[in-house]
Amino acid sequence: MTFNFLFLVAIGIGFYTAFNIGANDVANSMGTSVASRALTLRQAIFIAGIFNFLGAFLAGSYVTETVRKGIINPAYFVGNENSLIIGMIAVLAGAGIWVTVATYLKMPVSTTHSIIGALVGFGLIEVGIRGIQWKIVLTIILTWITSPLIGALISYLLFTFIQRKILNTLNPLKEAKKIVPFLLVIVIFILSMFFIFGGLKRFLYHFYFIYILVISAGIAFIAGLRSYFSLQKNYLRKNRGYEKTENLFKPLQILSACYESFANGSNDVANAAGPIAAIVMIMDTQKITSQVPIPLWILIFVGIGLVTGISTQGYRVMETIGKKITEITPTRGFAAEFGAATVILFCSRLGIPVSTTHASVGTVVGVGLARGLGAIDLRVIRNIILSWLITLPAAAGFTIVIYKLITIFI
Amino acid sequence: MRNVIAELFRKSPLEATGAHLLKVKECSDALKPLIEAFIDRDKKTIGEQVEKISKLEHEADIIKNEIREHIPYHLFMPIDRSDILRFLKEEDSIADSVEDVARLVEMRDTTVPQELKDNLIKLVDKVMETVESLRIVGSEIKVLSRSSFSRIEEEKISSLIKNIDRKEFEADVIQQKAAKKLFILENKLDPLSILLLMKIMGEIGSIADHAQNTGDRLRCIIAR
Chain A
1 MTFNFLFLVA
11 IGIGFYTAFN
21 IGANDVANSM
31 GTSVASRALT
41 LRQAIFIAGI
51 FNFLGAFLAG
61 SYVTETVRKG
71 IINPAYFVGN
81 ENSLIIGMIA
91 VLAGAGIWVT
101 VATYLKMPVS
111 TTHSIIGALV
121 GFGLIEVGIR
131 GIQWKIVLTI
141 ILTWITSPLI
151 GALISYLLFT
161 FIQRKILNTL
171 NPLKEAKKIV
181 PFLLVIVIFI
191 LSMFFIFGGL
201 KRFLYHFYFI
211 YILVISAGIA
221 FIAGLRSYFS
231 LQKNYLRKNR
241 GYEKTENLFK
251 PLQILSACYE
261 SFANGSNDVA
271 NAAGPIAAIV
281 MIMDTQKITS
291 QVPIPLWILI
301 FVGIGLVTGI
311 STQGYRVMET
321 IGKKITEITP
331 TRGFAAEFGA
341 ATVILFCSRL
351 GIPVSTTHAS
361 VGTVVGVGLA
371 RGLGAIDLRV
381 IRNIILSWLI
391 TLPAAAGFTI
401 VIYKLITIFI
Chain H
1 MRNVIAELFR
11 KSPLEATGAH
21 LLKVKECSDA
31 LKPLIEAFID
41 RDKKTIGEQV
51 EKISKLEHEA
61 DIIKNEIREH
71 IPYHLFMPID
81 RSDILRFLKE
91 EDSIADSVED
101 VARLVEMRDT
111 TVPQELKDNL
121 IKLVDKVMET
131 VESLRIVGSE
141 IKVLSRSSFS
151 RIEEEKISSL
161 IKNIDRKEFE
171 ADVIQQKAAK
181 KLFILENKLD
191 PLSILLLMKI
201 MGEIGSIADH
211 AQNTGDRLRC
221 IIAR
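Respectively, the protein sequence lines represent chains A and H.
Going by our numbering, the residue at position 212 of the first sequence is 212; the numbering climbs one at a time, nothing skipped.
Going by our numbering, the residue at position 66 of the second sequence is 66; the numbering climbs one at a time, nothing skipped.
One or more hints might be untrue.
Stretch by stretch, here's where chain H covers chain A in the computed footprint (C-beta under 8 Å, at least three residues) [said to hold, decoys possible]: (1) 160 to 170; (2) 327 to 336; (3) 363 to 377.
Just so you know, these hints were derived from the structure itself, not from any lab.
This structure is a prediction, so every number in the text was calculated from the model and none was measured.
Note that CB positions come from ideal geometry on N, CA and C, so glycine has one too.
Just need the whole structure built from these sequences, with the hints factored in.
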């Protein structure tokens, strides 16, 4: 009876966490698209909702598995399953409280970092140092440092490529008509690969990866050809204002926004779904080390949480961005979004939880390094690093306190 | 709700200089009516123009200070911080010099000798052309920034800056001729008039100098 109640509490906090993530992260993936006028606010919310959900559903299981059993070694809880259940609730609550407190203190904290800090805190207090899979934790922390840097590098290189091939030429519009279809092929190829792969993995157990590659390449190639011919048909004119060139990048930016939303969903879903999955799977099977895949409904449930956050809070967050950022153009937005999405999705596939916000910040700076932005406030980066350092002990501390409180009362 | 991405972006100071340049140009546009009134000894118009110039100069100062305040050290920009501050300072000196001319003109009731009138008008026209050349360059700055410092745009601006240099040189020649003429007339004029006319012509010439220097500063910004 108590555990049913605790389970409801876990579900509730999990939904709250997903809601907050959705509300915050929609701006990372969609803010620049709204600012560059590639999408209206309404369209952005709609696309973000759909693709976040698809990302959570189709590619969210890897990171969820890591959060569920990668940080804390579940083997230590055999015969003591209930404390793991309580612990996971404490993890959700501790991370949730820390994120709420930090938001109140105006600190740019990451939910992902909070969850990992909370897991480590719980593992340490219940099992001790040996209870944590330090190799995985260190890999994750290392990725937190490298992912914004790699994202910045990708965006820098991509934007430099666009500069060299398009912006630095005598007739940018003409060059853009050649390059845009090529970039389109790349984005569609990656997206459809993850779509088909994620979909097939869910519903079919036997398939050959090469088929997916061929089908995705085919779809991407056809889309690229279509875009190439429809662009060539248009009357070629010299245009110095760069505006028409930028306009050609709007569809690409919309695609890269879908891509980033998908990537965000696939990584962020784990913050709520991981602990919930741990609880549900123990309650269902009473076996901690089970190898069955994560129940679909959890990913769907958390996905709905994300979408609720996006659709109810997204307007407020993005409206300010749309008004404030006038510097972002479709080429710059595309370069930033593509870099962030690629890094995040790659981490998702490897099962590494990363901060999607930090990746986005890194890629914006990458575009800035290529002289793509008028001015970037470096204080933001300093604040991020400071909050980053505080988050691990703070989230761990809150989790330990809550865990102790629950165990006293039960 | 705070958003990190929104806070990351700051307004481009380079693009903001466009408004300052327009104000400076507006200020220097009052130079022609001022000098015409000076030649005609129309005290009323002189007074009006002086007032207009000092008002515009003040407004330019306000824009300049606003831009300066928005370039703190923790901004990361595609251009050097000190380069843009120097550029802004030089651009602002144009308005300062226009105001100095206005003050000199207002200071003393001086007759411009008939023989010098043409030279003076010619000098003013050339100086105005110099400032206009700078304005044309200035209107390209936003395009440069929007194109993410496209090399084509950089080359275009570089060649436009050469126009400023040429006009400034021409203004120098005109100024030198006018000075020589003034001393040919030295026996007909009282020393104080000569002193004042020399000063006025010198100050008008320095407007063109500042315009040229502003162009030079822009060269530094681009050459990075």
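Per the coverage rule (Cβ-Cβ under 8 Å, at least three residues), is the region 363 to 377 of chain A covered by chain H?
-> Our answer is that it holds, as 11 residues pass the Cβ test (under 8 Å) against chain H, meeting three.
Outcome, coverage hint (the region 327 to 336 of chain A, chain H; C-beta under 8 Å; three residues) = holds (count 5)
For the region 160 to 170 of chain A, does the count of residues with a C-beta closer than 8 Å to a C-beta of chain H reach 3?
-> The restraint on the region 160 to 170 of chain A holds, since 5 of its residues have a Cβ under 8 Å from chain H and three suffice.
Consistency with the previously given hints is maintained throughout, with no hint failing.
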